[in-house]
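Student: Here the protein sequences line up with chains A and B, keeping their order. The numbering of the first sequence is the working numbering, which starts it at 1 and goes up by one. The numbering of the second sequence is the working numbering, which starts it at 1 and goes up by one.
Everything labelled a hint here was simulated from the structure, so no lab data went into it. One should not assume that every hint holds.
To be verified - Computed cross-link-like contacts, DSS-like style, restricted to lysine-lysine with a CA-CA straight-line distance of at most 25 Å:
1) B/LYS49 with A/LYS44
2) A/LYS9 with B/LYS69
3) A/LYS9 with A/LYS44
What the hints assert, rightly or not - Here are some chain B residues pointing at chain A (derived, C-beta under 7 Å):
4) GLY43
5) LEU44
6) SER94
7) TYR101
8) LEU103
9) PHE105
10) GLY106
11) LYS107
12) GLY108
Stated by the list, open to error - Taking beta-carbon pairs under 8 Å as the criterion, some of the chain B residues facing chain A (in silico):
13) SER9
14) PHE14
15) TYR39
16) GLN42
17) LYS102
The structure displayed is predicted, hence computed values, not measured ones. Cβ coordinates follow ideal geometry from the N, Cα and C atoms, glycine included.
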Amino acid sequence: NAGVTQTPKFRILKIGQSMTLQCAQDMNHNYMYWYRQDPGMGLKLIYYSVGAGITDKGEVPNGYNVSRSTTEDFPLRLELAAPSQTSVYFCASSSPLATSYNEQFFGPGTRLTVL
Amino acid sequence: AQSVTQLDSQVPVFEEAPVELRCNYSSSVSVYLFWYVQYPNQGLQLLLKYLSGSTLVKGINGFEAEFNKSQTSFHLRKPSVHISDTAEYFCAASNSGGSNYKLTFGKGTLLTVNP
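Given these sequences and hints, build the entire structure.
Tutor: Quick look at the structure:
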């Protein structure tokens with residue numbers, strides 16, 4: 001199993017550009033999450049999904065959108081990039097067999113810079 | 001809402017010394033607790049978790065943590081650290097009922113092991 005994969009690893013955007021961060025998992029996990037990590041701030045939840053076709057906002061959803069058309073994929077879209085979105089983005093998933101315990105598996109991250 | 005406080009943002013120690021990374025959580029209801037480790041430029045991986053039962057939890061790489069309900073703490077310990085333990089450590093919590101698929105993370109503790 002590849003686990004949770006994310007592409008790209010790095011990206012530089014200009015203000016106002018759009019992009020999609022890709023996330024895929026091959027563990028048949030129902031739950032998937034997007035976080036952003038800023039220095040000294042820990043991880044903040046952007047959006048999450050409890051299954052295909054179901055998404056909901058997390059703590060910091062403004063400026064982002066998600067979709068979940070399949071169990072495996074959970075892309076995160078930035079429509080109008082702003083410098084405040086410079087961050088490291090992590091995708092995670094959790095197992096339906098351990099849903100109550102919420103053990104999450106993380107991807108390697110995407111480092112995004114908006115200039 | 002759950003909150004997690006990591007009391008030290010940075011902990012420098014010498015190789016082979018013991019270390020304790022402190023974590024407190026806010027909720028008085030039943031809670032699941034986790035410690036994750038993040039090595040430089042990598043994603044997060046699970047070190048250990050407390051779900052129920054014995055309050056002393058053993059994890060990977062010689063780490064252990066003790067759940068203390070009266071003090072709402074879940075401190076991480078290792079009796080003798082190695083250079084390779086240099087990383088950022090995150091404490092996380094989720095409630096055992098209701099919206100238990102969401103994790104709340106602390107802001108992280110950077111452990112630096114010096115020779």
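Student: For every hint, state whether the structure bears it out.
Tutor: Evaluated hints:
| no. | hint | in the structure |
| --- | --- | --- |
| 1 | B/LYS49 with A/LYS44 | 20 Å, holds |
| 2 | A/LYS9 with B/LYS69 | 40 Å, violated |
| 3 | A/LYS9 with A/LYS44 | 19 Å, holds |
| 4 | GLY43 | 4 Å, holds |
| 5 | LEU44 | 4 Å, holds |
| 6 | SER94 | 4 Å, holds |
| 7 | TYR101 | 5 Å, holds |
| 8 | LEU103 | 6 Å, holds |
| 9 | PHE105 | 4 Å, holds |
| 10 | GLY106 | 6 Å, holds |
| 11 | LYS107 | 4 Å, holds |
| 12 | GLY108 | 5 Å, holds |
| 13 | SER9 | 7 Å, holds |
| 14 | PHE14 | 24 Å, violated |
| 15 | TYR39 | 11 Å, violated |
| 16 | GLN42 | 6 Å, holds |
| 17 | LYS102 | 7 Å, holds |
The structure does not agree with the numbered hints 2, 14, 15 stated previously, though it agrees with the rest.
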